[in-house]
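Here is how the chains run, residue by residue.
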Amino acid sequence: MSRLDATSRIDRGTDLRFTFDGKDYLGHPGDTLASALLANGVHQVATSIRFGRPRGIMAAGVEDANALVQVEAPFSEPMLTATTIELYDGLVARGLSGQGRLAAEPDPARYDAIHAHCDVLVVGAGPSGLVAALTAARSGARVVLVDDQPEAGGSLLGSAEQLDGVPATTWVSATVAELAASPEVRVLQRTTAFGYYDDGFVLALEKRTDHLGAAAPAGVSRQRVWRIRAKQVVIATGAHERPVIFADNDRPGIMLASAARTYLHRYAVLAGREVVVFTTNDSAYAAATDLADAGAEVTVVDARPEISPYWAAECARRGIAVRPATVVIGTSGNGRVTSAHVVTAVDGSSGPRQGIGCDLLLVSGGWNPAVHLYSQARGTLRYDAKLGAFVPASELLDVRAAGSARGAFTLAACLAEGRLAAQDALTALGIAPGDVPLPGTPEQPEEVPGHVLWSVPDHREDNAPCSSFVDLQRDATVADVLRATGSGMTSVEHVKRYTTIGTAHDQGKTSGVITSGIVADALGVDIASLGTTTFRPPYTSVSFAALAGRDRGQIFDPVRVTAIHPWHVKHGALFENVGQWKRPWYYPQRDASGSFEDLETAVLRECRAAREGVALMDASTLGKINVQGADAGEFLDRLYTNIMSTLKPGFIRYGVMCGMDGMILDDGTVTRVSETEFLLTTTTGNAAKILEWMEEFAQTEWPELRVSLTSVTEHWVTVPLVGPRSREVLASLAPDLDVSNEGFGFMTWRDAEVAGIPARICRISFSGELAYEINVSAWDGLALWETVIEHGTPYGITPYGTEAMHVLRAEKGYPIIGQDTDGTVTPQDLGMSWVVSKKKVDFIGKRSHARAENNRPDRKQLVGLLPVDPTKLLAEGAQLLASADVPEPPVPMLGHVTSSYRSAALNRTFALALVRAGRDRLGETLYAWQDGELLAVTVADSVLYDKEGARRDG
Amino acid sequence: MVDTTTRRSPLAGQAPALAGLPISARELPFLTQLNLRADPDGPAAASIGRALGGTLPVVPSTASRFGEVDVLWLGPDEWLLLAPSGQEEALAATVRRAIGEADGAVTDVSAQRTAVALTGPRVREVLARGCSIDLHPKAAPAGSCVQTLLAQTGVTILVRDETSSDFLLLVRSSFAEYFAAWLIDACAELGE
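Here the protein sequences come in this chain order: A and B. If you read the first sequence in our numbering, its first letter stands for residue 1, the second for the next number, and so on. If you read the second sequence in our numbering, its first letter stands for residue 1, the second for the next number, and so on.
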């Protein structure tokens, strides 16, 4: 066991059982899976993806490139990093060789999303972030503080720092308590800000119950995405320690120096007994001395010739050997590292290779500020040659970095920067900053500048494959980088994609800047001008389940329903999705044998009722737009191809709208309510689009017209009462209404009470039959429907759905915009020149109708098709050929089938089609290609039923 | 006299489920709602304001209350008049009289949307799950009126008190069932 008795952040009083790679272990609350494994002496977590090399834990946080695991229980989740999994009882995990496996079962957990707003968002609850949050909180500002750890403190949790002469964690506790007591402050632990978007919009993922394992309460979402809109953002995300690359730098037991220090102080885990610390800077000496104090035997290998006198003395006091001007050039070990191979420079040339036995090799190549969010906010970075790192170049108007994230590496500087950043943010908001005295920090020894060292050349003389790993997760080496530059790549973005460095779960947190350094050295250019690859969100992995949030199941997408919907459901309707609407498709009835009708049988029955008796449907989804104003008629004249201004109040006209290209956009009816008021309908799916189209012209093209538009789609329920017996049913429902053809003519409307409900009745027909469209307030819709059915029952009234509606209209050759048209079809193509005014000076599309292309005689035109075999149903979309002798491809296509049905009225199948010069082909035989055979069809007029229109008046 | 007993409001079927929520959510069915369009600087707007007993609100995203009529600013030349049930014709007549020969339009949209009263200290927390607008009292004082998305449905939200715990929400009738399902789901975690 590697667990010490020292003070730490774990709760030793409680044991947690967990299983890793099939073996059972114990850990404690406060552990990560990584710290618990190390406490049990387990260093190797997995093997590498390409070469199968043993790999271990190299960090103590999100930057770990190695320790990927698959959690198997209590719920399966792939590709998690052992260093970020909080240990819980019953955890079962196994190491991953680069690739995980998605659970086969649906994830039973809830996920959530929530919006938050604040004056100041502070990202990171380390020393800088805590001071920033406190400064903002004391000003009374609305503050959100997010931090990815279970508890606040950041680097203070994993060090032995003192503030005001007592352990820094005391100050952390007091600060957290004050923040928690501030009403306008929200502190979110276990929450990672993973992306900065425009205007202070930051997404953060809160892991709410992951750490509870099977004990997670059922009703609480496992994770929640916070959508935070912040007026000012303080980025106090700290820094990631960077390794130095050398041969065989990937063995288990090779770890970042600060990580070993964190494991020691935070988790009371001594990660090794014989420790070599390889450093290029002063920061690793704290790890060396702390581990020595904990009982390890430590040797420091420092690449710099000059050693800090302070640290030299501290090491000497502990018996730590320090080797200046020395680098690690390789390692040995069978699995875990057993020896570090070092070389000391003597008079500028390399001395002999020496081995130092060790079970832990700590590495520090300096620190990379975690500038991810700052860079995503479009903050520019500059290379700091002293740090060997990229740091924020300036402040943005509403985003500031502070502390280590900005390149400050003393505790005193981090605290001061946190306060300053918050003060600047508050000042920018016009809020007077509160007074926050900074806690006292111990005096710092004078620092000896770090030596920037990206990689140590591989000194081996044999032809062994390169094992100097830059990106351990991708098994990508220095040789891979040099192969990229050698083949001419000069951009780090290209090198990244060629080598895949930085594309794994860790997104190159430890490898990105080093790659830039290696590329710069290889090309002989300045790394400052070479830069880094782009820091893209997400900062850490986010599951799709979390992004989906609660938008799944019943509320995945809104379902729009009409007021009559409950009746449709109750009466067994099957539904068709039309946009977000649910529309009754057909109403299967039980047949004699007790089983339900199929689509074909039901639709034939519903159509027959409409043609021979009486039927009704729910057409409430039709778009409805109220148009008012002194210029309403003129406005509609410009929008529709036909004239609307001449329509008299009390009358209705069918109309077509075209786009500026002359192609049909939509169609519907226009009802003139009064001199200054019209009500028009649109197709169901186009309601919003047409309103926007009309608004755009009203507001931007013709602002001089006095007209206003109001959507009333859902105010009205619309019920067409259709069929030769509809007049009798209406007469019984509206005894005061003259329903005769003379008293209530085609294409007129009346206001009347229907079944005691105020209604507007329109004599329009989409089936060719006598029909009355009854419109009532949506509140009355269900009552109207039920009463109409009650009164219609003696007449055999039959509800019909969208499928029967389609058949009925197609028999009459009425096109459906969007089904029989596709944005390349003019009114003339549909044989509807009659709807295009020759008199009007202008309307949208008029100029395009005059184009030669739109007047070619061989344009595709809408025609009817009658299969020669009247039982064969054509496939919608089937291509049409001129001859049964199919030539070699490309085969000339004359057009395609747009609608195809079985007709009860025609007692046969039929179709509508767009056919090249179709109207000149009436009577010709064409061939439809479907399912590998050719079906002969006869071209017919698009109107196949009641050509003379005898049925509309009953 | 028209029989109104057979009317059915969009959330009629959801009343028991809404009553069981940890916040107070109650449909206010059959309210009078009139859409008003007029030039804010024209004679109609001034005249309508006088007829209603005030001035039509012209500050974006605000509402004014005159007697029992709420006037919601929906756009530079658009308002929604909200009044108790049954006043469609009388209120429309009042407004039409005020418009007179001037330019302006009134449309009865009473059944276009339904209204839901949401009250309680945790309503904001629930709405925050689907609404990106800041409803903190500092940002949305009483009389604020915003048109926005709640999850995937358009809504109009009227803030009725100074502590932002009393809201009136208007939702399109066809989206009402979705809204209810969303609200019930959004309240599921309030217990914790």
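By construction, these hints were calculated from the structure, which means they are not laboratory data. All C-beta atoms, glycine included, are put in the ideal place defined by N, C-alpha and C. There's no promise every hint is true.
[Stated by the list, open to error] Covered by chain A, per the in silico footprint, the following chain B stretches (three or more residues, Cβ under 8 Å):
# : region
1 : 14-25
2 : 41-52
3 : 70-76
4 : 91-100
5 : 108-122
6 : 156-166
[Unchecked claim] Some but not every residue of chain A turned toward chain B, in silico, with C-beta under 8 Å:
#  : residue
7  : V569
8  : H571
9  : T700
10 : P703
11 : L705
12 : R706
Contradicted hints - numbers only
1, 2, 3, 4, 6, 7, 8, 9, 10, 11
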